[in-house]
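Novice: Each chain is listed here by its residues.
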Amino acid sequence: MTLHLNDYLLVSGLLFAIGFAGVLLRRNIIIIFMCLELMLNAANLSLVAFSRFNVGPNGLPNFNGEVLVFFIITVAAAEVAVGLAIIVALFRSRQTTHVEDINSLKF
Amino acid sequence: MNPILFWFFAFLMLAFGVGVVVNRNPVASALSLVVTFLCLAALYVGLDAYVLAALQVVVYAGAVMVLFLFIIMLLDLRAEVRRKFNKISLIGGAVVAIAFAAQLIGVLGRHPRGDQPFPPLTAIGPGEQLNDLKLVGETLFSSHNLPFQIVGVLILVATIGVIVISKRELK
Chain A
1 MTLHLNDYLL VSGLLFAIGF AGVLLRRNII IIFMCLELML NAANLSLVAF
51 SRFNVGPNGL PNFNGEVLVF FIITVAAAEV AVGLAIIVAL FRSRQTTHVE
101 DINSLKF
Chain B
1 MNPILFWFFA FLMLAFGVGV VVNRNPVASA LSLVVTFLCL AALYVGLDAY
51 VLAALQVVVY AGAVMVLFLF IIMLLDLRAE VRRKFNKISL IGGAVVAIAF
101 AAQLIGVLGR HPRGDQPFPP LTAIGPGEQL NDLKLVGETL FSSHNLPFQI
151 VGVLILVATI GVIVISKREL K
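These protein sequence lines are chains A and B, in that order. Numbering-wise (the working numbering), the first sequence opens with residue 1 and increments by one. Numbering-wise (the working numbering), the second sequence opens with residue 1 and increments by one.
None of these hints come from the bench; they were simulated from the model. Keep in mind it's a predicted model, so treat the numbers as computed, not measured. Any given hint could be a false lead.
Stated by the list, open to error - What the simulated footprint calls covered on chain A by chain B, stretch by stretch (three residues with Cβ under 8 angstroms from a Cβ of chain B suffice, anywhere in the stretch; the number is not a length):
| # | segment |
| --- | --- |
| 1 | 4–15 |
| 2 | 33–41 |
| 3 | 53–67 |
| 4 | 80–91 |
Claimed, not checked - Selected chain A positions facing chain B (in silico; Cβ < 8 angstroms):
| # | residue |
| --- | --- |
| 5 | 21 |
| 6 | 22 |
| 7 | 46 |
| 8 | 48 |
| 9 | 49 |
| 10 | 72 |
All C-beta atoms in this analysis are idealised placements derived from N, C-alpha and C, irrespective of residue type, glycine included.
So here's chain A without its partners, still in its complex pose (with noise of 0.2 angstroms):
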């Protein structure tokens, strides 16, 4: 029994899922961005599967892929300074972290 590429995508998706399901279904605003760090992480897991997939010539994995991983690992970092900055100033104007009660927007 070996591993096979569809095994690391079928986790990846799942993950991905399991992200988007927490999205939708969560209404603490803070868990809704927990969720979607596991999105961009499952997205980085099919990255790396397919960096480790497509071996080149020369013997070595494709590592396009992973310094692309690195770039999301970058760039979600800073997007969860940002946005923990922007839920800690919106809890300082209206108390609350839960989204129906944050309805300003609505239509």
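Given the structure of chain A, go ahead and fit chain B onto it with the hints provided.
Specialist: Here is chain B on its own, set in the frame of chain A:
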């Protein structure tokens, strides 16, 4: 990677991923997310991506999760009181997630190269380890130098943005 180890970490990762979604207490969710990230790092090691595994542990399981826990405790969030369920979002979320998973399985079933095993790395001899810190670094600084500098600017912008947003009076 040993398939048993792979499935062990994959199931652990998915189980704690579900834990992030279903936990009512935000601190428990955040700690589940830490375990998810650590299992993901283990999967990266299985894919010979040692640098990314280390980065995953340091940046995600370390810095990002400390930031999350810090904010949760700063805002003093308690476990959510049970509100009446929003039926539309509950049904919508479940339907979308299940449809996505079904679509995924359908696509993977027809993916022509998906059932091939991972090819061996012929550049390294038996018993040697891939020196991927050097190789990823070379790729990053040679063929992706401009995006790397742009990301540096992005982090500077994010830092300034966080300071501006966090000031007490927004004018």
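Novice: Now look at each hint and say whether the structure bears it out.
Specialist: Against the structure, the hints:
1. Counting residues of the segment 4–15 of chain A whose C-beta lies closer than 8 angstroms to any C-beta of chain B gives 11; at least three are required, and the coverage claim holds.
2. Requiring three or more residues with a Cβ within less than 8 angstroms of a Cβ of chain B, the coverage given for the segment 33–41 of chain A holds, as 6 such residues are present.
3. Note: the segment 53–67 of chain A has 10 residues with beta-carbon separation from chain B under 8 angstroms; the three-residue rule is met and the coverage holds.
4. With 10 residues having a Cβ less than 8 angstroms from any Cβ of chain B, the segment 80–91 of chain A passes the three-residue criterion, so the hint holds.
5. Taking 8 angstroms as the C-beta cut-off, the interface hint given for residue 21(A) holds, the closest approach to chain B being about 4 angstroms.
6. At its closest, the beta carbon of residue 22(A) sits 4 angstroms from a beta carbon of chain B; the interface hint therefore holds under the 8 angstroms criterion.
7. At about 11 angstroms, the closest approach between the beta carbon of residue 46(A) and any beta carbon in chain B exceeds 8 angstroms, and the interface hint on this residue is violated.
8. Interface hint at residue 48(A): satisfied, since its Cβ lies 5 angstroms from the closest Cβ of chain B, which is below the 8 angstroms cut-off.
9. For the restraint placing residue 49(A) at the interface with chain B, the shortest Cβ-Cβ distance is roughly 6 angstroms, inside the 8 angstroms limit, so the hint holds.
10. Evaluation of the residue 72(A) hint against chain B yields a violated restraint, the C-beta minimum of about 10 angstroms exceeding 8 angstroms.
Comparing the model with each earlier hint shows violations of hints 7, 10; every other hint is respected.
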